[in-house]
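> Below are the chains, spelled out letter by letter.
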Amino acid sequence: MSSSDGVNGDQRLELASRIMDGRGSDADLQKLQVLLEDDAEFRREYLRYANLVSALGDGCESEIAEVAKVAVEVGGSRTVADRQVWLAYRRSLTLSGVLLGLLIGLLGTSLAWSMSERRLVVTVEAVRGLADGGFESLSGSLPSGFPQTVSAWSGDTAEVMKTVFAVETADGGFRGKSLRFVTPGSDATALQGPATSCDVFQIVDLRTPKLRGLRSGEASLELAAEFLDLRPARAEPPVSLYCQMFVFRGVPEEMYREWPRRNGEALASAAAWHRSSGSGARLPVHLNARCFLPHEADFVVVQLAARPDTPLADLGEVYVDEVSLRLRLQPTLPEREVLLGRSR
Amino acid sequence: MGARETDRHERFQGLYLQHEGALRSFLRTLLPVPSDATEVMQNVAIVLWRKFEDLGASSEFRRWAFGVARLEALQFRRMKARDRHVFDEGLLQLLASEAEQDADLLATEREALSECLQKLESSQRLLITATYGDGARLDEYSKRSGRTAMSVYKAIHRIRMRLLDCVRHRVIRRADR
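Chains as they are written, first to last, in the working numbering: chain R, 7 to 350; chain W, 3 to 179.
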């Protein structure tokens, strides 16, 4: 857009924003039309902006309202596509009465029936006790040692910092921090032991009324994390990346005295790992571990680790981010093949 | 309802839900005024269902649905153009063609959006939730929060720009995998 039109780059999308929010005048729409006709690059920006506004306004309201809280999924499959189908499905409950009337009128009550059935399947929600899984609230070095309180990260030498994927913000800051594993350490209860692994932990309290009301077999925990080994490809030594959890009964704040000796007393545990030798292509590795949640569980210890094959003073650019702990509830109802309303 | 009709219903339902986000986005591009896009979306859904027999392979659904949506948007434009300004037909056709060409990229960006929402600060998420959730209106939010409507609108726009940046990064990152 030329400056002679009196509208600079930022103002062009602000103009589009005004119209898309329902605040634009006829004159605004005319101005936008001229801008779009004149500039192919701006049309491309506009397409992306309209796409975003549409997704936020129409498609993601459930997602937005439930960010890090509740995500309802279908069918045991956890793909993004499935979730979007489900979100779309939920949206479609409020879609025009015209469409619903048409479908129901033509097809009888099966649509309404299938909608009500779908809610019975599986729900997945974030365990709110896991704090700052994106490492956005922290900066600098992580507190050292096994955590003595719940919902706080601590462990071996590690630091929260900006990665190449961070996004600059308008106020000069940035979003998109990650946790870098710095130096392997020894177990807190065996300080003379070998420093083989850089471990960070968070204890998550599970003693909530909702969780207390669950029966064994109804729920499972899912721990997920995204690891990033930004060392060059074929870096030495290889580093094993771990994402694991241990479910315990007892007082979470006392666990630091006995970690890791009490590991054998865990009611349940799960782990996922990946051996990495760097990645020239900056490939993130998604690890996901799942275990059943026993009804007597009081807390879970989340452990993320980077373990080099040979001793290393500094692990280099090995990061973890996007840690999430989710509770999957599967009531003991007849299993259904849910995608798009089919029942069996 | 017979088995054949049930199959047809389920097939339509599946395809419609799979592509509903893309369709909404497509229409919003052509008709940026929110109430216009909503109205046409309803018509599109009805036409798609009525003409569903015309669809060949399921893989053609999006292209077919975009075609229907383009025609419905044009018809809507002709009707409304008598009373007020709407994009002219040439621009509407141009936007429709470019939106179809970029449909895969735009779908990837919508997928990446949920990850980016989680990266927002809590106050920003609250603002987005308050203004988009359950049809709440920006004006109502501004009254409740004691901010001027203009300040809320600007904040929303800034958040959207931030999300666009984030989405762009995420898509590049996925492409590198």
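Quick caveat, the hints were computed from the structure, so don't treat them as lab data.
Watch out, some of these pointers could steer you wrong.
Below, computed lysine-lysine pairings styled on DSS-like, alpha-carbon distance capped at 30 Å [unchecked claim]:
no., chain 1, residue 1, chain 2, residue 2
1, W, Lys-53, R, Lys-216
2, W, Lys-82, W, Lys-53
3, W, Lys-53, R, Lys-37
4, R, Lys-168, W, Lys-156
Some chain R residues flagged as far from chain W (calculated, every beta-carbon gap over 10 Å) [what the hints assert, rightly or not]:
no., residue
5, Arg-24
6, Leu-35
7, Gln-39
8, Arg-49
9, Arg-50
10, Ala-56
11, Gly-146
12, Met-167
13, Lys-168
14, Arg-263
15, Pro-266
16, Arg-267
17, Ser-283
18, Gly-284
19, Asp-304
20, Glu-323
Which bits of chain W does chain R cover? Going by a derived footprint, with three or more residues having C-beta under 8 Å, they are [to be verified]:
no., stretch
21, 32-43
22, 53-61
23, 64-73
24, 77-85
25, 96-106
26, 120-130
Beta carbons are placed, not taken as given, at the ideal position from N, Cα and C, and that holds for glycine.
> With 10 Å as the threshold, tell me whether Met-167 of chain R passes as away from chain W on beta-carbon distances.
holds, 15 Å
> Over 10 Å to the closest beta carbon of chain W is the bar; see if Arg-49 of chain R clears it.
At about 6 Å from chain W, Arg-49 of chain R fails to clear the 10 Å cut-off, so the statement is violated.
> Is the Cβ of Gln-39 of chain R more than 10 Å away from each Cβ in chain W?
At about 5 Å from chain W, Gln-39 of chain R fails to clear the 10 Å cut-off, so the statement is violated.
> Taken at face value, is the distance from the CA of Lys-37 of chain R to the CA of Lys-53 of chain W at most 30 Å?
violated, 37 Å
> Has the stretch 96-106 of chain W got at least three residues whose CB is nearer than 8 Å to a CB belonging to chain R?
It holds: at least three residues are needed, and the stretch 96-106 of chain W offers 5 whose Cβ sits within less than 8 Å of chain R.
> Does Lys-82 of chain W pair with Lys-53 of chain W here, judged by a C-alpha cut-off of 30 Å?
holds, 25 Å
> Are the Cα positions of Lys-168 of chain R and Lys-156 of chain W separated by 30 Å at most?
Distance ~27 Å between Lys-168 of chain R and Lys-156 of chain W Cα, so the pair holds.
> Three or more residues of the stretch 77-85 of chain W near chain R by CB distance under 8 Å?
violated (count 0)
> Taking the minimum C-beta separation from Gly-146 of chain R to chain W, is that value above 10 Å?
At about 19 Å from chain W, Gly-146 of chain R clears the 10 Å cut-off, so the statement holds.
> Given the hint that Lys-53 of chain W pairs with Lys-216 of chain R, does the C-alpha gap stay at or below 30 Å?
Cα-Cα ~47 Å, so violated.
> Please check whether the beta-carbon of Arg-50 of chain R is more than 10 Å away from every beta-carbon in chain W.
Answer for Arg-50 of chain R: violated, closest chain W Cβ roughly 7 Å.
> Are there at least three residues in the stretch 32-43 of chain W whose beta carbon sits under 8 Å from a beta carbon of chain R?
The restraint on the stretch 32-43 of chain W holds, since 6 of its residues have a Cβ under 8 Å from chain R and three suffice.
Of the numbered hints given earlier, the model fails hints 1, 3, 5, 6, 7, 8, 9, 10, 22, 23, 24; all others are met.
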